[in-house]
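Chemist: Here is what each chain is made of, one letter per residue.
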Amino acid sequence: EAGVAQSPRYKIIEKRQSVAFWCNPISGHATLYWYQQILGQGPKLLIQFQNNGVVDDSQLPKDRFSAERLKGVDSTLKIQPAKLEDSAVYLCASSPGTGYSGELFFGEGSRLTVL
Amino acid sequence: QQQVKQSPQSLIVQKGGIPIINCAYENTAFDYFPWYQQFPGKGPALLIAIRPDVSEKKEGRFTISFNKSAKQFSLHIMDSQPGDSATYFCAARERNTDKLIFGTGTRLQVFP
Chain A
1 EAGVAQSPRY KIIEKRQSVA FWCNPISGHA TLYWYQQILG QGPKLLIQFQ
51 NNGVVDDSQL PKDRFSAERL KGVDSTLKIQ PAKLEDSAVY LCASSPGTGY
101 SGELFFGEGS RLTVL
Chain B
1 QQQVKQSPQS LIVQKGGIPI INCAYENTAF DYFPWYQQFP GKGPALLIAI
51 RPDVSEKKEG RFTISFNKSA KQFSLHIMDS QPGDSATYFC AARERNTDKL
101 IFGTGTRLQV FP
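So the protein sequences, as listed, match chains A and B.
Start counting the first sequence at 1; every next residue gets the next number (the numbering used here).
Start counting the second sequence at 1; every next residue gets the next number (the numbering used here).
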């Protein structure tokens, strides 16, 4: 079974530029998550989708971050304009859905460096 | 945001030692408490998990102890090996939303 795919793995941009990350969850998984992991910290939930609807985006800085999950499958996370403090690894995760045992399956992440 | 507090931040043990990582939470709406293991350059992967109606769960060399009244849970690694060197995160899931909140992580180093 293929895991969660993310791209690009690495991205370096200058502040005020824009960047987009893509995630393809495990086939059939209804719930998709984007987490931000700053070096030395635990992952912080940015947004959670159930199919193509948003369940929780309370921690998403909506003035610069946006995310969509078209057709309830893959998802894109965009940052525009980027700030220095956005340097982090952006992790995508998926799970079969609410009521499931609770395991999240993570991709390897997209590491963003903002100069 | 609801918090999960994790300690210590880092841990160094020798092979065969028993590292213990502790977590505490405040929200009684949590219904599932997993531990994730993360190697450098990789995403976190589920190691072991427990529900609040159980006080202990063991899988191989990994054991979770859960104290519901104290709102604390801990991970014990028996007979630790150099291959266990990784960062460990405790987490807690909010009932009904599947929102998973992570602790700050513990970097474990096991020396031969």
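Derived by calculation from the structure, the hints in this document are not laboratory data.
Incorrect hints may have been included.
[Stated by the list, open to error] Here are the computed lysine-lysine pairs in the PhoX-like style, where the Cα-Cα straight-line distance is at most 25 Å:
#, chain 1, residue 1, chain 2, residue 2
1, A, Lys78, B, Lys5
2, B, Lys57, B, Lys15
3, B, Lys68, B, Lys58
4, A, Lys71, B, Lys15
5, B, Lys99, A, Lys71
6, B, Lys42, A, Lys78
7, B, Lys58, B, Lys15
8, A, Lys44, A, Lys15
9, A, Lys44, B, Lys5
10, B, Lys15, B, Lys68
11, A, Lys62, A, Lys15
12, A, Lys11, B, Lys42
13, A, Lys62, B, Lys99
14, B, Lys68, A, Lys71
15, B, Lys15, A, Lys44
[Unchecked claim] Selected chain A positions facing chain B (in silico; Cβ < 10 Å):
#, residue
16, Trp22
17, Gln41
18, Leu45
19, Leu104
Where a beta carbon is used, it is the ideal one built from N, C-alpha and C, also for glycine.
Chemist: The structure should be examined with respect to each hint, and the outcome stated for every one.
Modeler: Hint check:
1. A:Lys78 - B:Lys5: violated (30 Å)
2. B:Lys57 - B:Lys15: Holds, at roughly 23 Å.
3. B:Lys68 - B:Lys58: holds (17 Å)
4. A:Lys71 - B:Lys15: Answer violated: lysine 71 of chain A to lysine 15 of chain B is near 49 Å, above 25 Å.
5. B:Lys99 - A:Lys71: At roughly 22 Å apart (the allowed maximum being 25 Å), lysine 71 of chain A and lysine 99 of chain B satisfy the hint.
6. B:Lys42 - A:Lys78: Holds, at roughly 21 Å.
7. B:Lys58 - B:Lys15: Answer holds: lysine 58 of chain B to lysine 15 of chain B is near 20 Å, not above 25 Å.
8. A:Lys44 - A:Lys15: holds (22 Å)
9. A:Lys44 - B:Lys5: The hint holds at about 13 Å.
10. B:Lys15 - B:Lys68: Roughly 31 Å separates the two Cα atoms, so the pair is violated.
11. A:Lys62 - A:Lys15: With Cα atoms ~17 Å apart, lysine 62 of chain A and lysine 15 of chain A stay inside 25 Å; holds.
12. A:Lys11 - B:Lys42: Status holds; Cα separation ~16 Å.
13. A:Lys62 - B:Lys99: Given pair lysine 62 of chain A, lysine 99 of chain B holds - Cα atoms ~19 Å apart, limit 25 Å.
14. B:Lys68 - A:Lys71: violated (40 Å)
15. B:Lys15 - A:Lys44: Answer violated: lysine 15 of chain B to lysine 44 of chain A is near 32 Å, above 25 Å.
16. Trp22: violated (15 Å)
17. Gln41: holds (6 Å)
18. Leu45: holds (6 Å)
19. Leu104: holds (6 Å)
When held up to the earlier numbered hints, the structure conflicts with 1, 4, 10, 14, 15, 16 and fits the remainder.
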